[in-house]
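**Q** As you go down the protein sequences, you meet chains A and B in turn. To convert, note that position 174 of the first sequence is 174 in the numbering used here; the numbers rise steadily by one, no gaps. To convert, note that position 172 of the second sequence is 172 in the numbering used here; the numbers rise steadily by one, no gaps.
Since copy identity is lost for identical chains, a pair holds within one copy or between any two.
List of simulated lysine to any residue pairs, SDA-like, C-alpha gap at most 20 Å:
(1) 168 x 303
(2) 29 x 279
(3) 29 x 280
(4) 177 x 250
(5) 282 x 51
(6) 177 x 39
(7) 177 x 251
(8) 177 x 249
(9) 29 x 225
(10) 168 x 298
(11) 282 x 54
(12) 177 x 256
(13) 177 x 253
(14) 165 x 175
(15) 177 x 255
(16) 69 x 87
(17) 177 x 41
(18) 177 x 261
(19) 177 x 262
(20) 177 x 42
In short, the hints are calculated from the structure, not lab data.
Single-letter residue listing:
There are 2 protein chains.
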Amino acid sequence: MTMTSSAVRDYLTGLQDRIVDTISAIDGKPFIRDEWQRPENMGGGGGVSRLLEDGNVFERAGVGFSHVKGTQLPPSASAHRPEIAGRPWEAMGVSLVFHPRNPYVPTVHMNVRFFIALDEKAGDVCWFGGGMDLTPYYPFDEDCAHFHRVNRDALAPFGPDWYPKYKKWCDEYFFLKHRGEPRGIGGVFFDDLSEPGFDQSFAMQRAVGDAFLPAYVPIVERRKDTPHGERERDFQAYRRGRYVEFNLVWDRGTLFGLQSGGRAESILMSLPPVVKWRYDWKPEAGSPEAKLYETLLPHREWV
Amino acid sequence: MTMTSSAVRDYLTGLQDRIVDTISAIDGKPFIRDEWQRPENMGGGGGVSRLLEDGNVFERAGVGFSHVKGTQLPPSASAHRPEIAGRPWEAMGVSLVFHPRNPYVPTVHMNVRFFIALDEKAGDVCWFGGGMDLTPYYPFDEDCAHFHRVNRDALAPFGPDWYPKYKKWCDEYFFLKHRGEPRGIGGVFFDDLSEPGFDQSFAMQRAVGDAFLPAYVPIVERRKDTPHGERERDFQAYRRGRYVEFNLVWDRGTLFGLQSGGRAESILMSLPPVVKWRYDWKPEAGSPEAKLYETLLPHREWV
Chain A
1 MTMTSSAVRD YLTGLQDRIV DTISAIDGKP FIRDEWQRPE NMGGGGGVSR
51 LLEDGNVFER AGVGFSHVKG TQLPPSASAH RPEIAGRPWE AMGVSLVFHP
101 RNPYVPTVHM NVRFFIALDE KAGDVCWFGG GMDLTPYYPF DEDCAHFHRV
151 NRDALAPFGP DWYPKYKKWC DEYFFLKHRG EPRGIGGVFF DDLSEPGFDQ
201 SFAMQRAVGD AFLPAYVPIV ERRKDTPHGE RERDFQAYRR GRYVEFNLVW
251 DRGTLFGLQS GGRAESILMS LPPVVKWRYD WKPEAGSPEA KLYETLLPHR
301 EWV
Chain B
1 MTMTSSAVRD YLTGLQDRIV DTISAIDGKP FIRDEWQRPE NMGGGGGVSR
51 LLEDGNVFER AGVGFSHVKG TQLPPSASAH RPEIAGRPWE AMGVSLVFHP
101 RNPYVPTVHM NVRFFIALDE KAGDVCWFGG GMDLTPYYPF DEDCAHFHRV
151 NRDALAPFGP DWYPKYKKWC DEYFFLKHRG EPRGIGGVFF DDLSEPGFDQ
201 SFAMQRAVGD AFLPAYVPIV ERRKDTPHGE RERDFQAYRR GRYVEFNLVW
251 DRGTLFGLQS GGRAESILMS LPPVVKWRYD WKPEAGSPEA KLYETLLPHR
301 EWV
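So here's chain A without its partners, still in its complex pose (with noise of 0.2 Å):
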C-alpha cells in the first residue's frame, strides 16, 4: 500500500466510525461490527460491515467498509483508460444506505470510493468517486432543499461548476428507467475524478464525505418523532420496492460486486428490511402520496 493509498484509507475507516457513532447516538442502539475477508485466489483484501437493524429510528442501517484488490484490472473498469487494462489494482469506498423506522424520514444512500492502478514504472493511476442521494417517502421541500445546500456548499470551496455537474449526474444515474421515475430527489454523484491532481480529488472526496452528518441528521431530527400509521407505514414498504428495483437491476457497484463474486450480505446490506410490491397502483389524486409523485420527484433545481 502506497502512502497516498494509506491517507484515503485512513480517512475512509475513520469515516464510517465517525457516521456510526453518531447514528447509533441518534438510534439508542449499537451497531454490529462483521469482519470479513475475501479469498486470497479472488486477490484478498476484506472488509468491515457495520449493521444496526430493527432500531429504534432505523430499521435497517448498514455501513460498509472495503478494501479489495486485484492483480488484473478488468476491462469493464478500464474502458476509456486502455493504457491501465490488466495492470493490479486496489479499490476501497464507504457505502452507506438507512432505512428509517417513520416513513417521514427519508431513505438516505452516501458512497465514497478510490481506485489505483499500480504500475511502479509507469506511476500509479488513481481516481475518486462517490455521492449521495436522499429518496423521501413524504414531500417536504424545506428537507430536499437542506440537503442539496448542504452538498453544494461542501462542494463550493474547490469551485461553482462542481455542484451543478455532479447534482446533475446525480439526477442521472438514480433513475429507474423501466418505470421512467427518479429514485429519490438526487443529490451529488461523481466518478472517475482525478483531473484535479490527488490532493485537490482527497480534498473533494473527504468534502463529499464529512457534508454526510450534516445534510442527513438534521432531517431525521426534526421527521422522526412525526406521528404515523397503518397508511404511511403501508405507503413507506410499497416505496421501498423501487429501492430494490434500482438496486438489483441498475445499480452499476451492486451488480458488479453480485456478479463477480463479492460478498452478497454485505453488498445486499443496501435491501430495505420490508418491503411490498402491488400491481399497477396509483396514489389517490390529491392525496400526500401524489404530492410525492407530481411534486417532489420530477427533477427540480432544490439550491
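Once you've looked at the hints, dock chain B against the given chain A.
**A** Frame of chain A, contents of chain B only:
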C-alpha cells in the same frame, strides 16, 4: 400471423384462461383482467395480464399472456443463429408466478413461450421454450417428488431423455450464483426447441403447459390449511427475498423485458407481495427452516 403461430396463440390464451379459472375457484376470489398494447414504434402487439391480490389462498398470483412483434431480431436473440439476425419477429408466451399466503404452500413459476423469425422467401424459423419450477419454504419430500413426477410423465411420451435433460437445465438456470444457492427444488426448463420439428415441439410445449395444474394444484390442496404462525410467515417473507434477487439480478426474461422497454407492471407481477431482508441470517440448527437448506435445496433426483 401464420397458421402455425395462430395455433400456438390459441393454445396459450386457452391455457391462461384454464389456469385462471382453476386457481380462482380454489381461492374464491376472481382475477382482475388488464389488457395492454405495446407502442407501435416499439413493434406493436400487446397482452393480457390477469392478477389476483390479497386472496384467500394466494397473496399474489399473476398470469400474463403477451404477443409482441418487432421489425428486426436483436443480436442477443440470434447469437447462435446468425442466419436469422435482423429478420422481423414475433414472440408470444404465458408466464405465471403464484405467491401463496400459507408458508406451507410453495411458490410456483411456469412459462411457455414461442418465438418466430419471419422470412417469406427462406421460410420462417421458429422455436419453443418453457418450463416450471417449485420454490418451497418448508420441506415436504412428497410434494417435490409429485411435482417432478408429473413433469417427467408429461415428457415421457416423447422419449426418456427429455425429462433428465430439462431437469438438469432447470437446476442450472434457477441458481443464485451470488449466494451459491438454488432458487428452489427445480422442475423442468427448456429453450431453443425446434429440432424435433414444429409438430413435436409444439406438442411438447403443450405437454408442459397442460402439466402445470396437475403438478401444482394437489400440493396447494394438501397444504393450504396447514396451521401456522408468525414464525413461518416471517421465514416465508425472508425466503421471498431470494426470489426477488433471482428475478431482478439473474432472470434473463425479466432483465431483457425491463431493459428493452417492456411493461414494468406486467413483468414485475412475479415479485412477492411482502418481502423481508435481514443481515446474514441463518436458521437454527435442527429447525424445519434449516432442513430446507440442508435436505431440500441441494440438487437431488426427485423421481
